[in-house]
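2 protein chains.
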Amino acid sequence: MNRAPSEAVFLKACRGEPTPVTPIWLLRQAGRYQKEYRELRSKVSLLELCRSPDLAAQVTVSAARKLGVDAAIIFADILLVLEPLGLEISFEEGEGPRILNPVRSAADLARLRTFDVGALAHVGEAVRKASAALAPLPVIGFAGAPFTLASYAIEGGSSKDHALTKALLHRDPGAFRELLAILARATGAYLSSQVEAGAEAVQLFDSWVGSLSPDAYREHVLPHSKTAISLVRPRVPVIHFGTGTAAFLEDFRDAGGDVVGLDFRVELDRAWDRLGPASRVMGNLDPAVLLAGRDAIRREAKKVLDRARGRAGHVFNLGHGIFHETPEDDARALVDIVHELSRR
Amino acid sequence: MNRAPSEAVFLKACRGEPTPVTPIWLLRQAGRYQKEYRELRSKVSLLELCRSPDLAAQVTVSAARKLGVDAAIIFADILLVLEPLGLEISFEEGEGPRILNPVRSAADLARLRTFDVGALAHVGEAVRKASAALAPLPVIGFAGAPFTLASYAIEGGSSKDHALTKALLHRDPGAFRELLAILARATGAYLSSQVEAGAEAVQLFDSWVGSLSPDAYREHVLPHSKTAISLVRPRVPVIHFGTGTAAFLEDFRDAGGDVVGLDFRVELDRAWDRLGPASRVMGNLDPAVLLAGRDAIRREAKKVLDRARGRAGHVFNLGHGIFHETPEDDARALVDIVHELSRR
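Quick note, the sequences are listed as chains A and B, same order.
When you line the first sequence up against our numbering, it's residues 1 to 344, in that order.
When you line the second sequence up against our numbering, it's residues 1 to 344, in that order.
Think of the hints as simulated: they come from the structure by calculation, not from any bench.
Heads up, some of the hints might be wrong.
[As the list claims (entries may be wrong)] Heads up, incomplete: computed chain A residues facing chain B, CB under 10 angstroms, no partners named:
(1) His162
(2) Arg235
(3) Pro287
(4) Val289
Backbone N, C-alpha and C fix where the C-beta goes; we use that ideal spot for every residue, glycine too.
Chain A with its partners taken away, still in its complex shape (with noise of 0.2 angstroms):
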């Protein structure tokens, strides 16, 4: 087992390399579903979870080595970014995060503080514990896309339209430009500095750009997240994840991740088609699956991996996150699954 961290089968498909089997990792795969997770989390806060480098740390190790996953994601929150912002989070049990001094101007956009990035070094410290546990099994380290950041910090929470974050875009596209802008460095920032701690792959996520149009999503997000994308370094694979992308899939694969994360929306094998043969693709199974028993799940996963028709450059992934409600074991069935059917 004393390969070299790039040998790692999630890290070969990341380059378009052949693999013996298909590499699989689940989005939120460690979180409330756990036992163990829940457990901790009646005793410690999101925040001070996420604060802490040995509980974030043993969180992400944890969940890799019971799922007996490809490679493990960095557990942290979306919304850490934002603080050395000057946002103030807080994250009440049983409501969503909420943004206490959402920008929704110009000039709140002015009172934002220089991002130090330094205020984030537990995250790094988490990632170089989770990977010294786990090497040479690869850690993903993430970050938020400037959009999906932007609607949080104007919306002042999780929104199910994003009316407001799309009526400043709107009203006053060189404020929200200003605010992408900001945010691109912070992210790039960032996840470089999960990189320099041992990351061996970043995922930059941007979980609510399905609630553009085409028109404005080239226009007022492209250009940041490509910002985001290409100030990471040094350079390890980037994943590009976004879900309700299916109508401009070509634009989002336009900001530069090496590999374009699908949602469970669209066809594997038509959007990896229009993507182009050297792309690279992780995805899509819809998390509902994980809910509906093991014969579902074996019918369901055959199907995504028989779309991807054994291509090199294909990471299996749920096309978006795990569900509480999903049975551990059912979850750790898809795992073994994945491998068996995709073994070569």
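Given chain A, work out where chain B should sit, using these hints.
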């Protein structure tokens, strides 16, 4: 103004015939963004409003007149059709609707009552009254599509991710099929009753269909939408509207609607090209634009019209329901702008 109803620009566009201006109406054009509506609702509940043919017609007529749109849509709630099947619905103020006895198994299905369209005669009566008041302006009838209705019936209310719905679909496809078949027949009968009462077009709303993978749509949903549409008698134009349909627009078209309603997540011209030149389309301005002021409204409405390039068979609309925060005057302004910019 004594033109025959079939000369209405909205109906001509639905038939793919050239029109002197692009017709427009707005999804949820009667609703909470209007002062008059809010005043009425401070006195009567949503169910009281829906069950009173006089009040439902009044709200329908008033919105259409105030906006200057080219069609009215009957005011009703998408869930009304579930009650005659034996589902108990609660509309508490401030929460979304709730189904008190959700359908989650074959056993739950067995206790559904035979659908009697007579229980919804008040909707037909409202259509009759609104049509009489507005003639020759056409009144559109509507119903939820089988999948969207099933998602409420299964989840017991609104849902962010439709996890239970999709779990049932994958775990027990037979029970899911039976539920959708029941809903398809009910929907067909309900839409027909509205046509008989004077609706000159009907719309089938599949609001949540974007939570499905293309495979799941094709296999488990499309056949039932097709059945519902095929049952509409006498035959009038059927608008088939869905959101999140970008990845399976061709399948969505194959359900048989005369006009395909596009959400704002697709580019109107690219979508139209995929649907084919004989298709008619409705859409697709992002309703968030109505929160961004007149300059943005004019600029973004022009983009949609530019993509339509004056082709016959375009009904202008929002790509999703109007937001509660929309200034009434700006909704009216959009209607005027579309008429002005599209005059041929």
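For a quick check of understanding: which of the numbered hints are violated here, in increasing order? Hint 2 alone not satisfied by this model.
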